[in-house]
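S.K.: Chain by chain, the residues run as shown.
Protein chains: 2
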Amino acid sequence: MSLRIVQFGLGPIGQASARLALDHGHVLVGALDLDPERVGRDLGEVLGRDPLGVPVSDDMAALADWAPDVVLHTTASFLDRIEGQLMACIGVGAHVVSSSEELFWPFDRDPGFSDRIDAAAREAGVVVVGTGVNPGFVMDLFPVVLAGVVARVDRVDVSRSVDAGRRRGPLQKKVGAGLTEAAFREREAAGGFGHIGMVESAKALAVGMGWHDAEVTETFGPHLATADHQTPHATVAAGDVAGIHQTATVVVDGETRATLTLTMAVGAPDEDRVVIAGDPPMTVVVEGGTFGDTATVAAVVNTARRVGESRPGLRTMLEIPAAATGR
Amino acid sequence: MSLRIVQFGLGPIGQASARLALDHGHVLVGALDLDPERVGRDLGEVLGRDPLGVPVSDDMAALADWAPDVVLHTTASFLDRIEGQLMACIGVGAHVVSSSEELFWPFDRDPGFSDRIDAAAREAGVVVVGTGVNPGFVMDLFPVVLAGVVARVDRVDVSRSVDAGRRRGPLQKKVGAGLTEAAFREREAAGGFGHIGMVESAKALAVGMGWHDAEVTETFGPHLATADHQTPHATVAAGDVAGIHQTATVVVDGETRATLTLTMAVGAPDEDRVVIAGDPPMTVVVEGGTFGDTATVAAVVNTARRVGESRPGLRTMLEIPAAATGR
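Residue numbers (my numbering), protein chains in the order written: chain H, 1 to 327; chain A, 328 to 654.
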C-alpha cells in the first residue's frame, strides 16, 4: 500500500522518517520545516537522495494542495507547541502520526487539548496518534500486549537499559555523561535534563491493565559510574556521572502495581525487560535492547499504514491495530 | 467493565474460561454444552463454584433470552463444526471470542465460511474473532507487534519449545511421548497427530508483515529423545519419541522469509523466542515460555473486553486493540 505522505519537521528523526517512507514505497508529496537552510530546497536533496520535485515549505497552507493521506509529524515533544500544527493537518483530512512524546498519552496532561484534537479528528474522520519506542513501545504497548495472555496481573516491572556509550554523541551529552554529580544536580535544577514520556508510558500502562485511578510518581537522578569509561564523545571517571536513572511508579489503591525504570548511561547494558508477576507469570527479554533511534522512526512510518483501519479520533498505540490487513 | 457473558462449550478450556470471566467480574448469564452430564445443572456447580442460578442448556435458542454482550466460544477447532454456532451468536447481536484454532485465520482455509461470517457480523454490528496462545499470540501477534518498531524486516524466525513432561498427562499422550518411532509414524499416518494452527499462524504473520502472496509449507515429525525420561505420565527411552517437532515456512518470491518451529516434547526446554533479522534486529525471549493452558484461557477472556472497541466483522487478533481504553 502506497500512501501520499507529508513530512512535517525535518530534524534528524524527521529526515530519517521521510527516507524510510520512501524506502517503504510511499510517495512524499510535501514537507514542512521552519529552518531557512531547508525551506525552498528540493526535499530529496535535503534527505541526501535523488531530487523528488517537491520543495520544502514553511507554510502550512500548502497542506491543502498536497492532499496527503498521512502526515508524519516530528516537530516537538510538547503539546503546547503542536496544537496548531495538528489542527492544520486534520483540517485537510489527513491522518497524523507523530513522534511527540507528550502526544502518546495527552489525556491527563492536557484534557482540553485532548478534547479539541479528538473532536476535530472525529469530525474529519481521521486518526491522530503519537508513537515511538519510548514512549510508544517498550514500557507501555509491549507489556500491555504481553498481559493479553495473562489471566491475573499482580504487578508489572519494566526496565530499559541503554548503553549511551554506544550511541550518538548528543545522547551522551543529553544524559550528562562525564559530569560531576554536583554539575549534574546544577543542570537538573535548571530543568535541562530528563527523558520525556515516562509518565505518559506509566499512565498508558495503567489504563491498558485496567487500573483506573492510578497514581503515577516519578524519580530522576544521576547514574554514577563504578569504573572509568572512555568513549569517542565522553570521558567518565569512576564516581562521576555515567548517565541518568529515571523511574515511574504506578500505585493503585495504595499498592505499587508497576514500576518503569530507565537507565541511559555509558557502560550500562543494552537490554529491555518486562516481568509480569501473576498467572501465568511472564519474563520477557529483548536481548541487546530495542535500538532507539531506528525503532522510533520505524514506529512512526509503520504506524502510518495502520491508521486507516482505526477508529477516527485522537487515538493511542493501545488502540491502533497491530497490522493493516486490508479487510 | 462488567460484561454479560455466555460460555459456549464446557470442556476443560471452556470451564477455565468461565471461571476466569467470573474472577474478572463479568456476569455469566448462560452456558451451552451438549454433554448430558452437564445439561440442566447449575453452571456454578459445574464450574466447582457457588451456584449461579444459571442452568446449562443444550439449546442455542436460549441465547435470545440470555442477551449476552459476548459469547466465549470453546467448542471445536475446525471451521466446518462451528458455523451454525457462530451464526446463532451473531443472530442475537453478541460478539464472539473463540478458541477455535482454525478461526484465528480462516480466510485461506475456507473463504466461503469467512465471507458469510464476516457479512453477518458486519450486518449485526458485532465482532467474531479467534484467539489463543498458539495460534493467537506466540507465533503471530507477538512477532507482528515486535516488527512494529523494525524499519526493515528481512526475516523472522519464531520458535516455541514446551517441556511436555511438565504438562498435563493428555498433552504428553497427544505428542506421542514414549512411543517408538514406528508406532508414532503409524499413528501419524492415521491422522491422529499434530498441533492445529501452525499454518494459520504463518498466514497471519505473513499478512502482518505485509508479505502478500506468501506460500506456506509445513513439516511434521517426531522429536526423538537423546536420554531416558520418566514423568508421572510417560516413560521415554533414549531413541524413542519424546514428542513432536512441527514447522511452518513462509516463502515469498522464492525466498524464505519466516520459519515457525514448535517442539512439544518431554525434556524440551520451556522457551519462546522471536528473532527478527533486519534494521534494527531484534531478539526477544520469553524465559520459561508462555504457559499454554492458562494463557489460552486468558487470551479468550481478556479479548472479550476489547471487541467492543473494534470494527464489526470477522476480525483477527492483528486488528483487535491491545487494550480497551473506554474512549
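Calculated from the structure, these hints are not laboratory results.
Don't be surprised by glycine CBs; every beta carbon is placed ideally from N, CA and C.
Some clues are possibly wrong.
Claimed, not checked - Beta-carbon label-pair distances, calculated as ranges:
no., chain 1, residue 1, chain 2, residue 2, range
1, H, 154, A, 545, 36 to 44 angstroms
2, A, 582, H, 122, 21 to 29 angstroms
3, A, 523, H, 327, 43 to 51 angstroms
4, H, 173, A, 654, 33 to 41 angstroms
S.K.: So, for every hint listed, does it hold in this structure?
M.R.: Results for each hint:
1. Judged by the Cβ atoms, the range 36 to 44 angstroms given for residue 154 of chain H and residue 545 of chain A holds: they are separated by roughly 38 angstroms.
2. A beta carbon spacing of about 42 angstroms between residue 582 of chain A and residue 122 of chain H contradicts the range 21 to 29 angstroms that was offered as a hint.
3. The supplied range of 43 to 51 angstroms is broken by residue 523 of chain A and residue 327 of chain H, whose beta-carbon atoms lie about 23 angstroms from each other.
4. Distance hint for residue 173 of chain H and residue 654 of chain A: a CB-CB separation of about 38 angstroms, consistent with the stated range 33 to 41 angstroms.
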